[in-house]
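4 protein chains.
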Amino acid sequence: MIKATIVGGSGYTGGELLRLLVAHPEIELFQATSRSHLGEYVYQVHPNLRKQTTLKFSDPDLLQPVDMLFLALPHGSAQHKIDQYATLAPNIVDLSADFRLHDPQVYEHWYGSPHAAPNWLPKFVYGLPELHREELRGAHFASGVGCNATASNLALLPLVKAGLIELDKQVIIELKVGSSEGGAEGNPGTHHPERAGVIRTFSAYGHRHTGEVMQELGLTNVSLTMTSVDLVRGVLATAHATVKPGVTTKDLWKAYRSMAVENPFVRVVKEQRGLYRAPEPKVLAGSNYADVGFDLDESNGHVVSICAIDNLMKGAAGTAVQCMNLMLGFDEALGLEFPGLHPI
Amino acid sequence: MIKATIVGGSGYTGGELLRLLVAHPEIELFQATSRSHLGEYVYQVHPNLRKQTTLKFSDPDLLQPVDMLFLALPHGSAQHKIDQYATLAPNIVDLSADFRLHDPQVYEHWYGSPHAAPNWLPKFVYGLPELHREELRGAHFASGVGCNATASNLALLPLVKAGLIELDKQVIIELKVGSSEGGAEGNPGTHHPERAGVIRTFSAYGHRHTGEVMQELGLTNVSLTMTSVDLVRGVLATAHATVKPGVTTKDLWKAYRSMAVENPFVRVVKEQRGLYRAPEPKVLAGSNYADVGFDLDESNGHVVSICAIDNLMKGAAGTAVQCMNLMLGFDEALGLEFPGLHPI
Amino acid sequence: MIKATIVGGSGYTGGELLRLLVAHPEIELFQATSRSHLGEYVYQVHPNLRKQTTLKFSDPDLLQPVDMLFLALPHGSAQHKIDQYATLAPNIVDLSADFRLHDPQVYEHWYGSPHAAPNWLPKFVYGLPELHREELRGAHFASGVGCNATASNLALLPLVKAGLIELDKQVIIELKVGSSEGGAEGNPGTHHPERAGVIRTFSAYGHRHTGEVMQELGLTNVSLTMTSVDLVRGVLATAHATVKPGVTTKDLWKAYRSMAVENPFVRVVKEQRGLYRAPEPKVLAGSNYADVGFDLDESNGHVVSICAIDNLMKGAAGTAVQCMNLMLGFDEALGLEFPGLHPI
Amino acid sequence: MIKATIVGGSGYTGGELLRLLVAHPEIELFQATSRSHLGEYVYQVHPNLRKQTTLKFSDPDLLQPVDMLFLALPHGSAQHKIDQYATLAPNIVDLSADFRLHDPQVYEHWYGSPHAAPNWLPKFVYGLPELHREELRGAHFASGVGCNATASNLALLPLVKAGLIELDKQVIIELKVGSSEGGAEGNPGTHHPERAGVIRTFSAYGHRHTGEVMQELGLTNVSLTMTSVDLVRGVLATAHATVKPGVTTKDLWKAYRSMAVENPFVRVVKEQRGLYRAPEPKVLAGSNYADVGFDLDESNGHVVSICAIDNLMKGAAGTAVQCMNLMLGFDEALGLEFPGLHPI
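Residue numbers (the working numbering), protein chains in the order written: chain A, 133 to 476; chain B, 133 to 476; chain C, 133 to 476; chain D, 133 to 476.
This is chain A alone, in the form it adopts within the complex:
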């Protein structure tokens, strides 16, 4: 059994990691830390884990060596202690934004301050297996992924990989997101009477995850528009791009199907009947799947590519466990079998 510890276990990403690792057949969950809930049973914070584990939250300053360390801390924290963390475990997945961008200047552009450990940036593989599966096998350091970036990247990946879209034309990505994206700490805007029933476009352009999309897909003219809607888990990316002259729906089918064949957690959803004809995040709650779909207006080359994920799973903890499986040589899907619910 592999010993693993979660640093930062009381947030939503940490809680989802806890759920996955407690049940993972190859993992012994060793510690989960929380400063604010120190000494409490993890099930007192994450009530779904009652009768699953009797682990208590431990002190983040009293970490013990393990095989695998998951860092689920707020952005900007891990980079200050990464040297120390590296002495505690040979394998690290950091789920924050700290090690996703390779270029320190790009990091500073999007996050507003210089990176504290720029020498570590090249050591981290960007932790999206659909983009970096081979690099992740046997790697020791993987970043997490931005949830909005992941939905965007997986919406566009079939188009970019197959060379089907014009790269010099603007790509507009509209993201509709649930409330768990904001994390476990509330603020006036997450107060239920103000947050229920919203359709709230809170960022017209310039969202930080834009940097991850540009880096990973090689796009230069891309804009993310963020809108909060009434849902707890889930994000839907609707990406608008322009296909190259002559590209047909048949070409797109081929590109999307290839992606689904090559990746265990990607599915193409494009049905002619039934209620679920396109990707839909609500049926993905708790699942690691990314559902992708598309429509092409052949009259003008306007392609609309859609990707739905659970932001806490494929957009965070699920992908982190998927990375761990690749890093440690397990089956990529191990511990990620829950398929989601219908109805929900």
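Please note that a few of the clues may not be correct.
Same chains, same names: a pair is fine if it fits in one copy or spans any two.
[To be verified] In silico DSSO-like links for lysine-lysine, alpha-carbon gap of 27 Å or less:
1) Lys183 - Lys293
2) Lys188 - Lys402
3) Lys376 - Lys301
4) Lys382 - Lys188
5) Lys183 - Lys386
6) Lys386 - Lys188
7) Lys183 - Lys135
8) Lys183 - Lys402
9) Lys183 - Lys382
10) Lys183 - Lys255
11) Lys376 - Lys135
Since the hints were derived computationally from the structure, they do not count as laboratory data. As the structure is a prediction and not an experimental result, all values here were calculated from the model.
Model the placement of chains B, C and D on the given structure of chain A, informed by the hints.
Same frame as chain A, but now just chains B, C and D:
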């Protein structure tokens, strides 16, 4: 025109009062205070009031004399300054719990500390027109009403007034409530991911509003059970009582119909067809109506009486304006004409 | 008093018209028809109207002459009987899609069958006062407006009117819509367990309302993408366009402010603080306001213009009453005073 | 591997069974039938099963022999063909109401028509392991359980089993339920605009599941009040009873803890801190747990006992699989490991 001021205008009850008074044909809204939003336009806090008023929140320490003062402060506040408020206006409606209970000992029992102005308690009329209409006409001081107490009182009033139920048997009232009941200040439990989709029984018995129900209906054996559900505005009280031997459904119809005839804001909802056969709070959002209904199991005398209200209207601001109308000699329904929406 | 009749009163648009006309100070509501609810009280279908009116639904085949006729029938119906309706009333507002498009060929393109009364098309004014106020004054025939078209048109109107955007570049409009858009008749996709919590992109491009946007704004390269979210009332249009070289945020402020000054039901929402910094449909439920806002990325000329409306009000019944007010010479805002609720 | 077939696989209970059996390590899912979706992939109806199974819905008239038959048909159907089903499989779990009540007269009382196969009633074990674990081991025929009955039975079981409550006093059970209880077939009342945000008391007393509670707990004076709230999955039962003189909170703790120790899927939730102090259905979506809690007013003996379940799992499919595990000698919890999500 009557000059009116709202002390405490940035909360939800204060906001609803603002909406009502801005549009009230006999009222000139003079001041609305807020310490935390001092100097801001009221529409920056209550976005529905944009283009309705250019009033800004003023300093609660700089109140000017007016004809009518509404106190919409947190519980426990108004009682400490009531002498001062009384020098500023001849007419006061206090929407907090401070002047609802007549007996200082009863107040201390439910609110946990001695009342700071017990001499004022007898001066206030309990501000529910369905119970005290004649006393309110021309009165100068009226209390507000507890939202849960109001739903409970109006559910039981037809039965109590007509002498139809056994008063020595326990009355169990199950209240299902929306999130706006908790006020505009958030807490961890109102964080959207934790509050959405709840069915959360947060108080099995002993809710403070029990005292208002006991006082106003003369009941001694009554219990309120509180459950939060996913809704912003609205409360439904489902009251379980036992009718006296021989009481029939026909007797109940008579009692409920009388109540609806006598009270402009009470409606009986008991239909045999359609989707809205029983009282339902969602169609009451923004409305001052209390919808009541009932079912009697004639085999054992178990009567289930139901009342739906909008907690911010009939349960707070709407009733306060209704009281003002009675106090100042206006038509009781003035400014309270909005009937609610369907669908919503 | 003006006598008015609603043909098709049991649907959601008809219900909203009923609410508005019952309370309208210059209107005597004469008949409201419904084949499926014939003989029922209107409040049995629209429970918010209990105690507001004792009108019963009457037979659509037994219409009597009135001053003003509102047609709230399913699309494709009114055009077959418009000659007959015109004998019954000198003034008609048709809320369906039948008389919105002026060109019969354009109609056939979007609605799939030839128009049954093409000679009537030029007689109808497109019923959006923000576009055709002067034509509507004294007009006898006005069309309704598509709810999605209205949100789109009002999002783009300040930009188009002031000549600020490139008309040859594609305009992408992402619409997020509530469930009442689909009307009062359910289908498998509106079954609550399937519809709750959705983020469902049901039309990537080619929505019928595109025709109205093209006609009214003179745009040729515009695409509407439709996504259902969990809300009953409300639509948010997020429009992506490209400003002409040199256009600044200051230019946009000027254009948007002018629109709000000229139109009683348009408001600019663009705040630097508070929770409601941008247009948000939830606070508009029941209100006739269209809230508009914008963001400009000056680095690349990408402008994001946002418009929020209540689809049943500004997107249907509210605008119809606003048209009637103009047609009959009343104050444009008469009967449309309800400002919406906060919180909700 | 045990071959199993689901008769009636396109409903919600059938879909949940499909999810569980597709992943069950000892089961080979052989057929799943659906008349309305004949020939479709099961994942076209239950989108969470995409990439889980390539099974298609088969003809209910073409069933083949298997080891285990699950009947997930509408109430009143299985009793007419039970003889035939019994020739196809030695083991049957019927999830409808057809074989829950042992007494044909009781069945007729609650379901309104005589039972078609009364001779089969004594052959079925009531399929709630918490009540009939030993009988279920090796049994060949088990009934399903009513979801509301299960929440009620498990709320009251600790009190009844330990002899703590007065059996001659009325027990009032208030049930708050999500929309999936009504099944996959929509009706006007489940249309999203009408069903969203409801607090709808649709049955004040006399719900059919009352019969199951009376039979299983031996209660004679019990009433179920049903209220729909805005949630898809989940039911909360809040039961009001009266303890015998002298019963203390300590006695209750002992009774509830025993129940949790004896039953793998029962948990006591009664915390002094945190957000989840009492049972809450939303964190149980997809889980087979029944969470129970209680509060006792020692001043008058009023006990409020609460039970939360997922109506499709512990209230239907989960319990059915738990029964199968017992019937076939597997570990009781096999295939039921998913613990639910937080947040959701």
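Hints, one by one, checked against the model:
In this assembly of identical chains, the alpha carbons of Lys183 and Lys293 lie at most 27 Å apart only when taken from different copies (23 Å versus 45 Å within one copy). Within a single copy, Lys188 and Lys402 get their C-alpha atoms only as close as 44 Å, which misses the 27 Å cut-off; across copies the closest is 18 Å, which meets it. For the homomeric pair Lys376 and Lys301, the shortest alpha-carbon distances inside one copy (10 Å) and between copies (17 Å) are both at most 27 Å. Only between protomers do Lys382 and Lys188 lie at most 27 Å apart by alpha-carbon distance; the minimum there is 26 Å, versus 54 Å within a single protomer.
Taking the shortest alpha-carbon separations for Lys183 and Lys386, only the inter-copy value of 18 Å comes in at or below 27 Å, while the best intra-copy value is 46 Å. Taking the closest pair of Cα atoms, Lys386 and Lys188 come within 27 Å of each other only across two copies (24 Å); inside a single copy the shortest separation is 49 Å, beyond that limit. Only within a single protomer do Lys183 and Lys135 lie at most 27 Å apart by alpha-carbon distance; the minimum there is 21 Å, versus 31 Å between protomers. Taking the shortest Cα distances, Lys183 and Lys402 sit within 27 Å of each other only across copies (14 Å), while inside one copy they are farther apart (39 Å).
Proximity of Lys183 and Lys382 under a CA criterion of 27 Å is satisfied inter-copy only: 22 Å between copies versus 50 Å inside one chain copy. With identical chains, the CA atoms of Lys183 and Lys255 are never at most 27 Å apart, being 38 Å at best within one copy and 34 Å at best between copies. Proximity of Lys376 and Lys135 under a CA criterion of 27 Å is satisfied in neither setting, with 49 Å inside one chain copy and 51 Å between copies.
Of the numbered hints given earlier, the model fails hints 10 and 11; all others are met.
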